[in-house]
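Student: The primary structure of each chain is shown beneath.
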Amino acid sequence: MDYDLSRIDYTICGITYPDTLKILPPSGQKMDQKFAVGDKNGVLQCLSIKDEEPVVQFKTLPGKPITSVHLACAMGTQADKIFTASGNEVKGYTRKGKVFLSIETALTETITSMCIIGSDLILCSGRTVTYYRDLREYNSYVCDDRVLDIAAFANTRIRLLVLVANKGAVLLENGKLISRTVISSGPSRLAVPPSTHVTDIVAFYGAGDGSIGLISYEDLTLSSKCLVDGRGLGSVVCLGWYFSNGNHHLSVGRHDGSIQLYLMDMEHFGEKPRLKYTYFCGEPVTSVTGGCVGTEESELLVATFSGRIFALRSSHLVTGAKVPHDILTARRAKLEVEVARLEKQTANEREKYQRNTRSLNAGLSTPPLLDIQYELLGALSDGWQEVRITSAVPLDMLFIYCNKKLEMQTDTAAVLSICSSKETGSDLLASVRCQAGTRRVWVKMRDTSDSSAESKFEGKRVLIYALPVGAPRVARLVILKLPALPYYSGHEASEKDFEIPDRVWCQLEIVGSFSVAEMTSWLTEALPGELPRPASIVSFTRSHTLLETVLICQYQRGSATFKSDNVSTIATIRNIVSNCSVEKSIRVEISCEIPDSCCLNSFKNLESKFKTEYQKKKDIILKKAISMLDLDSSMNEEGPLLCQDYARVWDSRDSINETQFDELVETVVQWYADWRTLSVHENYNNETSKLRTALTECRLDDVYKIFSSNSSSLKS
Amino acid sequence: MQLSTVQPVFKLELNHKVTPDVVTIAKYDGTHPCLTASAGFDKIIIHHPHGGIASGRAQRSQAHGEVSELNLSQAIIALAAGPLRPDTGRDMLLIGSPTQILAYDVHENTDLFFKEAPDGVNVIITGFFGKYTETLAIIGGNSSVQAIDWEGNEVFWNVVSGKVCALITFDFDKDGENELLIGCDDSFIRVLKNNQFIAEIAETGPILCLSPVNEVRFAYGLANGTIGIYEEGIRLWRVKSKQNALALQWSGETLACCWSNGRVDWREGTTGIVLRRIQMRANAAAMLLADYRSVGAPDLVCVSDRGEVLGYPPYQENTGFNTASKNMPSEEDRLAITELFNQKQALMVELQHYEANAASGSVESLERPTSAMPTNTRLQVAILHTADEGNIQLAVSTNNETIVRAALVLAEGIFENGETLVRHPQPSQLRSLLHVPLKPPRDVPVDVHIKALIGYPDSEQFHIFELTKQLPRFAMYQLINKEIRNKGNSYVTFRITERVQRICIWINQNFLLEEELDLETEETKELHINLLCLRDRSFLCMDFGPDGQVKISTHDIRLAGDLIQSLAVYLNLSDLQSVAQFPEAENKLREEMEHVSQIGEMRSRLAAETAERAQLITALLPAAQDAAAYDLKEMLNRYKEVVMLNEELLTGCYIRRSTQEQAVIALKSLHTILQQAVRLRVGKYGKAVVAASRKAVQDNNIEALIKIIQVGDSTMK
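Taken in order, these protein sequences are the chains called A and B. The opening residue of the first sequence carries number 132 in the numbering used here; numbering runs sequentially from there. The opening residue of the second sequence carries number 3 in the numbering used here; numbering runs sequentially from there.
Just so you know, the hints here were simulated from the structure itself, not pulled from any lab data. Keep in mind it's a predicted model, so treat the numbers as computed, not measured. One or more of the hints may lead you astray.
Now the in silico label distances, taken between C-beta atoms and shown as ranges [what the hints assert, rightly or not]: (1) LEU238(B) x ASP558(A): 38 to 48 Å; (2) GLY392(B) x GLN540(A): 50 to 60 Å; (3) ASN155(B) x GLN540(A): 50 to 60 Å; (4) ALA544(A) x GLN431(B): 52 to 62 Å; (5) GLU649(B) x THR827(A): 26 to 36 Å; (6) GLN431(B) x GLN188(A): 56 to 66 Å; (7) THR388(B) x ARG362(A): 31 to 41 Å.
Okay, derived cross-link-like pairs now, BS3-like style, lysine-lysine, Cα gap no bigger than 30 Å in a straight line [claimed, not checked]: (8) LYS709(B) x LYS195(A); (9) LYS754(A) x LYS244(B); (10) LYS536(A) x LYS836(A); (11) LYS45(B) x LYS754(A); (12) LYS45(B) x LYS465(A); (13) LYS45(B) x LYS483(A); (14) LYS45(B) x LYS755(A); (15) LYS346(B) x LYS181(A); (16) LYS227(A) x LYS346(B).
Ideal placement from N, C-alpha and C gives every residue a C-beta, glycine not left out.
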């Protein structure tokens with residue numbers, strides 16, 4: 132940690148969306164800069180800071196939530212025009228707060244990001260990137276999935292770098308795709324280096340898994356490179372630039388509330404950034420950007436989800452006491468008075484509210500919904516699905532209900548307890564009590580191990596009630612759907628990459644009078660994460676995070692095809708589709724094509740993984756036994772005397788903790804069972820138990836024998 | 003709060019593992035403190051930085067120059083030290099193994115005494131209390147406490163219901179004499195004075211540690227992670243953590259608390275606010291107060307289970323926050339401003355809530371918003387008896403068409419797992435009335451907090467209603483009107499001189515009645531009430547006769563005791579003798595006594611066998627080694643014999659272990675019955691029961707014991 136920055140609170144506003152705080156360039160001779168921030172209430176305010184006290188330059192009236200703020204300029208001048216997007220509207224303000232532009236576009240979805248170059252306006256909403264020239268639609272491009280962020284590179288030609296959810300990045304020119312790249316870490320934000328040569332197309336990205344990387348376009352190909360691993364860090368919400376001591380720093384704001392400064396080498400973008408500073412503010416950070424706001428020296432300006440706006444300023448500036456002490460005291464006193472006034476007002480209102488409960492003529496109390504954001508992530512190889520809940524007010528507890536039993540985990544800052552419910556049945560009730568001041572909490576859930584054997588017909592509905600600590604005394608209900616196939620969270624580029632000979636495909640064909648939207652909603656029961664928006668033909672590929680099997684989905688109105696090298700996946704989708712179609716009373720015809728060698732081939736692909744997991748399982752047993760011996764290598768110099776094999780286990784005792792061996796065995800047995808049910812209808816209990824013992828003892832020859840004997844007996 | 007960077011004033015490594023909670027610090031030579039700890043199963047290590055220790059049984063450790071090792075052949079359960087011998091100022095080391103106590107003079111290398119402890123040993127402390135002026139060793143067993151003087155003579159003995167987990171001597175009633183505070187695993191803190199229990203504090207979990215704070219306060223820690231401070235018997239504060247508190251110490255006007263994961267925090271005495279916090283590198287083993295640096299004031303000595311020892315001086319204001327002292331006044335203002343913004347933000351959110359509320363009141367929209375609720379909704383809670391299901395029920399209801407989506411009931415000590423009970427009805431069963439069953443397992447008053455989520459079935463946001471209800475002590479007994487005859491001939495009778503009107507008030511306060519019990523006239527002299535116990539559907543009859551004669555008929559001796567104790571506290575009785583007839587308890591007592599004596603016999607027989615085999619092995623082993631020199635076959639045979647004997651020894655060990663477990667259980671239930679017999683009496687009569695039954699148990703006199711249960715004394719009549 133090289134830098135020492137300390138926090139100075141400026142002001143508060145409403146809930147903010149990512150990247151809605153921008154610092155305006157300095158005007159004229161003055162060094163100090165103003166900044167503009169738009170919030171969920173639709174208020175855009177432009178502020179300057181004088182002696183740590185915010186001075187409002189202008190402030191708009193509330194309206195639709197502002198989802199994007201951008202600065203731009205007419206050609207050649209400074210970028211001091213403020214553009215805001217809310218809903219499908221775009222407004223332009225001068226730095227004095229005068230509206231000079233207001234257009235309502237024909238877009239159906241909320242504008243999530245925008246770019247302005249000269250008189251060209253580029254808007255992203257949903258999956259489309261729309262290009263307006265002189266406020267008239269010029270061209271548009273529809274991406275495969277949601278557009279997350281955009282950067283424009285204006286040279287002789289205008290080229291757009293677009294981040295597409297679950298796919299990666301694409302480069303557009305004139306409404307045409309010119310290059311694309313797949314980035315598996317799930318990039319969500321772009322930051323264009325401030326001083327590039329105009330011809331270069333290069334940008335840094337921050338990703339959902341916390342990593343930071345570089346996208347560049349060279350020799351007519353778009354390529355990406357990961358620079359900082361995301362290991363353990365929260366997902367990136369916003370990026371910004373911070374310039375100090377002659378160096379450029381990339382500032383990163385994350386969902387877990389941390390802010391980092393990385394020193395970047397502006398000559399060689401591919402060099403590893405060096406971490407210089409970390410600050411933790413306790414709630415998701417929505418904007419981080421540097422500028423000379425409060426003093427003549429640069430500082431980092433931060434906006435958080437709940438609307439706190441504060442600066443991180445070099446400590447020598449803070450303690451140097453440039454600001455007269457009495458001004459600070461005055462500021463504090465002013466705030467104290469304001470809080471006291473608010474307290475009184477709140478008490479009055481509370482009283483009025485209480486009185487209402489005793490009145491005879493009942494009105495209807497409709498408090499606004501609590502500002503709670505939540506996100507359900509797909510399972511990684513360990514099968515846990517994580518729900519992240521972010522609240523604008525501190526949470527007291529979460530109360531979780533599910534109609535099926537689940538395994539659960541939670542944050543270290545919270546206590547999870549499974550409550551006793553009256554019915555001893557199959558439902559789950561749990562409470563998560565949070566530490567004081569908790570605004571974000573995660574809960575991980577996964578199926579209990581015994582439920583994997585039973586066939587799945589639908590996803591699980593999880594109800595989460597979020598109870599805040601103080602007022603308002605309301606609990607927000609969040610309904611989640613845990614998909615039946617949580618492991619299929621890996622997004623793959625296209626099916627073409629998987630046309631490799633060693634995969635044997637099982638295929639499921641569904642024909643019936645269903646629409647694309649209906650099929651999409653059925654698939655939400657099965658697959659985690661967001662599905663592509665309905666289009667005339669939808670096609671996407673997902674991969675299993677543990678088994679590395681693949682599912683290729685392709686559907687259009689009236690027909691759908693699913694291909695997978697995992698027979699159980701096909702069986703589950705078949706069950707779900709038939710179940711859902713019966714519920715909706717839509718007639719569908721389902722046909723499966725299951726090759727006889729599917730189990731055999733799938734197991735061949737799994738073999739090496741199976742063996743390592745088996746070894747791991749054995750190691751864990753050994754580790755337990757060795758640790759019971761009460762050896763402590765720190766006690767004597769040469770350490771415990773163990774044979775090589777044991778010593779290896781003992782040395783790596785901290786790294787081997789969990790094995791997925793049992794899950795793998797269950798999976799393979801399930802493959803077999805599904806294969807039998809889908810292709811032959813006969814009793815197979817005996818074979819199954821044989822297979823299970825062969826698997827648990829890792830007698831692979833026997834496993835192969837069972838698989839191959841059955842496929843051959845069927846042929847004869 | 004972030005971890006404080008406060009540095010320890012001293013730091014050392016013992017290079018030995020340390021068993022948590024089996025650590026003490028003693029001055030074996032009268033001046034220099036030595037850290038003494040159990041390092042593994044049967045090894046004691048003594049750290050003596052201030053110079054050597056007289057060579058004796060203790061051997062110099064190879065792992066650390068200043069540490070001596072002492073090997074015992076028994077597991078070490080507890081360690082304590084204190085100046086037991088009145089003639090010297092030196093501390094004696096007390097070593098508790100599962101069934102024995104050894105007092106050892108480390109300095110002189112002599113044994114002071116060696117004593118069998120049939121009740122087991124859980125904790126040992128040294129101290130003086132009551133009228134005993136010399137330092138005693140006080141031992142907490144599985145359901146008893148006893149005190150031993152320096153020659154190994156038993157000074158007193160008493161039964162406690164439940165395993166004793168923590169002991170301190172503390173002047174509870176401020177009379178200048180120490181009382182003994184006993185923390186048990188049945189969630190009670192009991193105060194023993196003059197060999198009778200003068201107070202009983204119900205807590206919410208097994209008590210793990212107790213620590214005196216000052217003249218009027220003491221701190222406690224529970225197995226469910228709660229710590230807190232009592233002042234004159236009233237709880238000042240408590241906080242709960244995920245970890246268990248291992249030790250609590252009062253150091254420098256703050257309560258230092260050491261958690262089992264190695265975290266240590268200093269808390270403000272009156273509020274429990276954390277002032278600073280550190281984290282050790284390994285799990286904690288102990289935290290003690292000792293002047294380990296010889297500077298004249300005790301430091302906080304924290305020991306981790308890896309053998310790391312850290313010393314912290316008493317907490318001082320200016321070293322509390324590492325930055326607070328060098329903070330500029332302007333920095334303080336900035337922190338205050340951040341905090342003020344927090345408050346402002348919270349208030350704004352609340353205000354917004356009310357404003358939207360007022361705004362929507364006027365607008366009549368056709369569609370109901372997903373967060374709507376009539377403004378005059380109220381929540382009502384009643385408690386009912388449901389005899390059919392054997393429990394009591396909280397009926398939570400609203401006064402209009404809104405529904406109770408979910409109810410969370412928070413109460414401590416009445417649910418099997420955790421402290422929350424939740425009801426979340428199926429969508430088809432959503433009503434404006436919700437029943438929540440409660441089944442308090444023991445008769446103590448409980449505060450029940452209810453959080454109910456109220457709204458419409460399709461709401462996306464629900465209103466939280468909160469209520470607190472107090473369940474009276476005997477909530478699980480339902481008043482029944484019909485005349486009943488108790489089949490069993492179990493009862494207790496005693497005589498009180500109190501107007502029946504006051505009894506009536508006691509009943510109203512302690513029982514859950516649908517309507518208050520009223521006497522017909524002022525002149526009424528007698529009262530008969532019949533109750534049904536919802537737990538086991540047995541009957542409880544209480545007859546208060548006109549002559550002051552009281553008869554409580556129930557088959558449950560524990561319940562009778564609870565009623566008498568509660569009544570005695572309410573009527574402020576100092577002494578009460580009673581006559582009891584509980585055939586069930588008497589039979590059980592007979593069985594247990596028989597059981598205990600059988601087990602005792604078996605134990606000694608097994609011990610003899612084991613010793614014999616062990617001796618044989620020690621003889622055979624060198625023989626086998628010798629045989630290796632001349633005859634390999636012979637050697638193999640002999641080794642085979644050794645292996646066989648070894649296996650026999652192991653089986654013997656298992657048997658011994660299980661008999662030990664049985665013995666502990668039998669003793670515990672025996673003590674429980676005796677404790678219940680004590681609770682049928684109050685004051686000096688209770689004490690007499692203790693003394694008499696101790697003697698009867700030692701003499702193995704069953705008939706005398708039964709007599710004691712019946713009349714409170716074995717010698718009477």
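Student: Name the hints, by number, that the structure is in violation of.
Tutor: The structure conflicts with hints 2, 4, 7, 8, 10, 12, 13, although it agrees with all the remaining ones.
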